[in-house]
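Sequence order for the protein chains is A, B and C. For the first sequence, the UniProt record's numbering assigns the number 1 to the initial residue and increments by one for each residue that follows. For the second sequence, the UniProt record's numbering assigns the number 1 to the initial residue and increments by one for each residue that follows. For the third sequence, the UniProt record's numbering assigns the number 1 to the initial residue and increments by one for each residue that follows.
Please keep in mind that the hints were generated in silico from the structure rather than gathered at the bench. A hint or two may mislead.
What the hints assert, rightly or not - If you want the footprint, here are the derived chain C segments under chain B, 3+ residues with CB under 8 Å:
#, region
1, 11-20
2, 106-114
3, 249-263
Unchecked claim - Computed far set for chain C versus chain A, every beta-carbon distance over 12 Å:
#, residue
4, M1
5, L78
6, G94
7, R140
8, L153
9, R167
10, I218
11, P220
Virtual Cβ for every residue (Gly too), placed ideally from N, Cα, C.
Read off the chains here:
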Amino acid sequence: MRGILLASLGRGIPVTLAMAGLLAVTACGSGGEAAVSAEGGLPAEIKIMTIKDRTGPVAFTGLSTIKGIELAVEQINAEKFLGETKIVLESKDPAGKAQTAASQMTAAIQDKSYAAVFGPVASDQAAATSPLAERGKMPIIYSQAGSEGVVIGKYTFRATPPMTSYYRVIGDHIKSKNVKTLGVVYNTTLPTLKEVAEKVLPEMGAELGFSVVSSAAVQMTTQDFAAPISKVVKEKPDAIALLLVGGQNPTAMRQLRQAGFDGLVLGNTAAGAGNLKPAGQDGAGMTWPSDFHPDQPGESTKKFVDLYQAKFNERPLNYAAEGYDSAWWLARAVKQAGGASRDDIQRGLDVVAAEGFEGAMGKLAFENRDMRLTGVIVQWNGTEEVLVGSDS
Amino acid sequence: MIAWYDTNIILIQSTFVGLLMALSLQVPIRFGVFSFAGIGCYGIGAYVAAIMTIRYEWPAAAAIGAGMLIAGVVGYLLALTVRRLGGLYLGMATIAFDLIVGVLAVNGGDLTGGPSGLFGALADVTTLHLVLISAVVIGLLAYSERGAIGRRVEAVREDPELAASMGIDVRRHRQAAFVISALLGACAGGLNVLLRTTIAPTDIGFSLVVLALTMIIVGGSRSWAGALIGAMIFTWLPGFLEFSGQWQKVIYGVIVALAAIWVPGGLLGMMTDAYRSWQRSRRDAGSGDGDRTPLGSRAEGTPA
Amino acid sequence: MLQDLINALSLGSIYLLFALGMSLVWGTVGILNFAHGAIFMFAAFVSSVITDQVRLPLPALIVIGAAVGALLSVAVQLLAFQPIMRRAKDHRSGEMQILIGGIGVAAIPLAIAEEVTGSNPFGFAGSSYVTSTFSLLGVRVTSTQLMVVAAALVIGIGVIVWLRFSRSGLALRSIGVDPETASLMGVNRRVLSLSTMAVAGGLAGLAGVLLTYNLGAITPESGDVLLIKAFAAVILGGVGSMAGVIVGAYVLAVAETIVLTQTSGLWVDAVSFGFIFAVLLFKSEGLFGRREVRRT
Chain A
1 MRGILLASLG
11 RGIPVTLAMA
21 GLLAVTACGS
31 GGEAAVSAEG
41 GLPAEIKIMT
51 IKDRTGPVAF
61 TGLSTIKGIE
71 LAVEQINAEK
81 FLGETKIVLE
91 SKDPAGKAQT
101 AASQMTAAIQ
111 DKSYAAVFGP
121 VASDQAAATS
131 PLAERGKMPI
141 IYSQAGSEGV
151 VIGKYTFRAT
161 PPMTSYYRVI
171 GDHIKSKNVK
181 TLGVVYNTTL
191 PTLKEVAEKV
201 LPEMGAELGF
211 SVVSSAAVQM
221 TTQDFAAPIS
231 KVVKEKPDAI
241 ALLLVGGQNP
251 TAMRQLRQAG
261 FDGLVLGNTA
271 AGAGNLKPAG
281 QDGAGMTWPS
291 DFHPDQPGES
301 TKKFVDLYQA
311 KFNERPLNYA
321 AEGYDSAWWL
331 ARAVKQAGGA
341 SRDDIQRGLD
351 VVAAEGFEGA
361 MGKLAFENRD
371 MRLTGVIVQW
381 NGTEEVLVGS
391 DS
Chain B
1 MIAWYDTNII
11 LIQSTFVGLL
21 MALSLQVPIR
31 FGVFSFAGIG
41 CYGIGAYVAA
51 IMTIRYEWPA
61 AAAIGAGMLI
71 AGVVGYLLAL
81 TVRRLGGLYL
91 GMATIAFDLI
101 VGVLAVNGGD
111 LTGGPSGLFG
121 ALADVTTLHL
131 VLISAVVIGL
141 LAYSERGAIG
151 RRVEAVREDP
161 ELAASMGIDV
171 RRHRQAAFVI
181 SALLGACAGG
191 LNVLLRTTIA
201 PTDIGFSLVV
211 LALTMIIVGG
221 SRSWAGALIG
231 AMIFTWLPGF
241 LEFSGQWQKV
251 IYGVIVALAA
261 IWVPGGLLGM
271 MTDAYRSWQR
281 SRRDAGSGDG
291 DRTPLGSRAE
301 GTPA
Chain C
1 MLQDLINALS
11 LGSIYLLFAL
21 GMSLVWGTVG
31 ILNFAHGAIF
41 MFAAFVSSVI
51 TDQVRLPLPA
61 LIVIGAAVGA
71 LLSVAVQLLA
81 FQPIMRRAKD
91 HRSGEMQILI
101 GGIGVAAIPL
111 AIAEEVTGSN
121 PFGFAGSSYV
131 TSTFSLLGVR
141 VTSTQLMVVA
151 AALVIGIGVI
161 VWLRFSRSGL
171 ALRSIGVDPE
181 TASLMGVNRR
191 VLSLSTMAVA
201 GGLAGLAGVL
211 LTYNLGAITP
221 ESGDVLLIKA
231 FAAVILGGVG
241 SMAGVIVGAY
251 VLAVAETIVL
261 TQTSGLWVDA
271 VSFGFIFAVL
281 LFKSEGLFGR
291 REVRRT
């Protein structure tokens with residue numbers, strides 16, 4: 001999410017990137033059954049277009065996602081998951097522009113050689129490509145892109161769970177800290193954060209016995225959080241939730257510590273991926289639910305993390321796990337449907353979603369073509385994200 | 001050709017929408033009014049069209065028409081409000097107007113969908129509609145660039161006092177510029193939202209002002225043809241720059257800066273100048289040879 | 001309440017540091033520099049890159065930031081604005097070309113910084129300066145906040161004094177009022193414009209470094225956000241008036257703080273846009289501006 005930050009008036013870029021976290025499923029459960037010979041209905045090659053930012057403000061997210069997809073495709077092809085059939089990727093870069101993404105999507109629909117599309121990570125781009133996918137009957141699998149208007153019908157799928165669906169996993173952690181009062185500072189420009197602040201947290205409070213005693217809304221353009229933070233700190237809450245986009249997090253954490261608050265701080269996945277680094281030790285202690293952490297338990301996760309580290313020599317981010325699971329979702333769909341036409345894939349994706357599968361992000365389920373999972377709790381310790389606890 | 005059209009339909013449609021949007025800033029500039037209100041009206045047109053389509057299922061023409069009507073009224077009121085302002089001050093006030101439209105969209109609750117905007121404005125607008133609308137608009141504007149009307153507009157732009165002393169109602173012309181700009185902007189916004197089916201507050205920010213302005217500066221600000229050239233360049237450029245990867249934005253910046261610095265009349269101005277000097281050189285060569293009739297000396301108009 | 005006031009004061013000081021250079025150039029040389037935000041950001045960015053390599057104290061980073069800002073600003077003036085003004089047929093079309101030229105030029109440092117940082121926030125983690133926090137009567141202030149406020153007030157007043165009492169200040173004001181006559185009186189407009197741009201760029205760089213210290217980190221896009229706030233401050237105070245921009249920056253900050261603390265905060269962006277619009281409408285010369293400082 002970092003990209004999204006203060007995109008603001010300057011460039012109108014995509015602010016609505018959705019922030020979701022990650023869960024990756026390593027689809028490789030089936031690794032062993034390699035040599036299934038080419039099935040009757042499968043062509044030698046299945047061409048998929050990847051519309052993900054490699055440049056521009058959300059390039060960071062896009063590039064990481066592409067790595068995950070490439071890793072999965074390499075694995076699918078190498079272990080002959082689809083027999084002799086190979087998945088081939090064609091990567092397009094919308095460079096932060098919804099119009100370019102829409103144009104690339106149209107090109108994919110028109111070109112009969114494309115069987116499916118991995119959709120953009122930014123919500124504004126995704127909102128532009130989704131109606132085209134539905135009209136052109138082209139299956140498209142998104143990751144991130146968490147706003148409304150993305151998963152809108154039969155052909156649109158998303159491999160990132162909405163943050164609101166797993167935010168509650170942090171409930172036990174809040175309870176264990178004996179929190180009775182909570183203050184909230186949140187970015188209202190992002191619908192997901194707004195919903196967590198205005199709906200999810202108060203509902204959790206009613207269940208767990210804490211109440212939201214003060215809240216302050218900030219904008220995408222807000223850079224100095226002294227005023228909203230002092231408004232919230234004034235009520236002396238036991239814990240404070242800072243629900244902000246990437247670049248806002250280090251500043252807000254620093255100002256929160258400077259305002260003298262040293263209790264529990266809740267955050268969201270946008271604080272991850274190193275965004276808190278500039279805050280130094282002031283950033284330490286921020287805790288948030290995420291859809292993925294490389295240390296989370298589970299065979300499928302471990303396999304993904306090992307493969308990823310071997311190939312790229314770095315720890316995977318949630319974006320990569322989401323990309324990886326998107327690709328495996330697709331491969332399973334092709335196998336399930338026994339064909340690689342657009343309609344085969346559409347049907348296959350639905351069938352796989354109904355059954356769920358084990359992926360890089362753990363045990364995955366789906367609801368209305370949108371991913372669901374339990375989530376894990378992670379904390380920034382000043383230098384890296386560490387796993388706090390996991391239900392999975 | 002058909003395949004090319006199908007593949008690039010989005011860019012083709014966007015070119016026409018971009019043209020109308022660029023014209024909504026260019027028309028006031030041609031009248032000597034430094035107003036960017038066309039972009040705010042683009043937002044109004046887009047939101048009204050989307051709301052009418054989604055909530056009341058109005059047909060496309062009515063939805064866009066409603067947006068244009070409302071934007072036209074807003075444009076007229078704005079013209080009355082800012083009548084004392086000129087130059088950069090007017091520019092800044094109208095940019096503030098554009099941004100306020102965005103803030104209203106964010107705070108509009110269910111009506112505007114708040115920060116996430118509106119989705120699912122499906123309508124049957126086709127490329128043919130765009131071509132027809134653009135043709136009509138261009139026809140009217142081309143007419144206004146010629147003859148008596150053209151000279152009046154030029155007088156209002158170049159020397160308002162002189163124009164007033166010649167009996168031209170400068171105030172009315174300025175108001176007309178605001179209203180025409182509002183109608184064009186709203187039309188572009190309405191068409192775009194019905195083609196794309198979505199609109200969000202981030203779609204109508206300052207960046208849109210910059211884009212439209214860039215189109216007319218690079219294309220040329222004196223004639224509709226300049227806006228067309230600009231709309232074509234900036235709609236198709238990102239596709240051509242994709243190869244440059246990370247440097248795309250740097251190249252983009254360099255192009256805009258170079259155009260603003262070295263080609264003040266825009267590409268249209270440059271082409272016109274080139275054409276004129278070519279004609280002149282031909283004529284000179286012709287008169288030297290003595291065996292050729294000078295061409296187009298009448299059409300050339302007043303030489304610079 | 002007192003805490004809110006302190007916060008408003010430090011916010012206003014940041015607006016002021018940013019707006020001072022912009023107002024100076026706009027009010028005298030007549031250039032509305034849209035690249036000011038990019039210069040501001042890039043100066044902080046270069047400082048951040050350097051201090052990641054070498055551990056530097058705060059004064060060194062301020063010097064680096066101001067120097068980078070001044071150099072960039074001079075480069076923009078030489079490579080973009082001067083050629084535009086030379087070629088412009090009249091003042092109005094020149095203004096417009098400069099506006100666009102500034103926007104185009106601004107895209108270049110922004111793209112470079114975004115590329116290097118991956119659009120991540122960057123800060124001065126490598127600097128040896130550490131912010132300390134003081135607590136007095138229940139009000140908390142950081143050393144950086146105090147520095148920002150002091151810098152803004154000292155520099156703001158310094159610029160006023162310089163413009164009013166020094167020879168170069170007088171010359172500068174004269175070209176703001178009547179460039180032709182000023183030239184006839186022996187004012188070298190080219191040199192003066194260039195040095196004014198350098199001063200403005202230096203101020204932008206200084207503001208960039210201080211803001212980064214104060215906030216801990218900024219993003220490449222930060223400059224764009226401040227640009228519109230600075231417009232509001234300049235217009236509120238009156239173009240050409242340095243006292244005006246000081247008042248404008250603080251009034252804007254106080255108004256925003258009030259909206260933020262007294263309401264849900266949704267309308268805070270409307271404050272600056274609303275100010276611009278309302279002031280232009282009802283008192284277009286601003287609170288302190290002289291009417292028609294410049295030719296129309």
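Results for each hint:
Three residues within the 8 Å Cβ limit are the bar, and the region 11-20 of chain C against chain B gives 0, so the coverage statement is violated. Three residues within the 8 Å Cβ limit are the bar, and the region 106-114 of chain C against chain B gives 7, so the coverage statement holds. Residues of the region 249-263 of chain C with a Cβ under 8 Å from some Cβ of chain B number 0, which does not satisfy the need for three, so the listed coverage is violated. Its closest Cβ contact with chain A, about 10 Å, brings M1/C to no more than 12 Å, contrary to its assignment away from the interface.
Taking the minimum C-beta to C-beta distance to chain A, about 25 Å, the non-interface status of L78/C holds against the 12 Å cut. Remark: the non-interface label on G94/C is consistent with the geometry, its nearest Cβ contact in chain A lying 24 Å away (cut-off 12 Å). R140/C, annotated as away from the interface, has a beta carbon of chain A within 12 Å; the closest lies near 6 Å. A cut-off of 12 Å between C-beta atoms confirms that L153/C is not in contact with chain A; the least separation is 18 Å.
Listed as a non-interface residue, R167/C keeps its Cβ farther than 12 Å from every Cβ of chain A; the least gap is roughly 38 Å. For I218/C, the condition that its CB be more than 12 Å from all CB atoms of chain A is violated, with the nearest at approximately 7 Å. With 12 Å as the threshold on Cβ separation, the claim that P220/C sits away from chain A is violated: the shortest Cβ distance comes to roughly 9 Å.
Hints 1, 3, 4, 7, 10, 11 from the list above are not met by this structure, while the remaining hints are.
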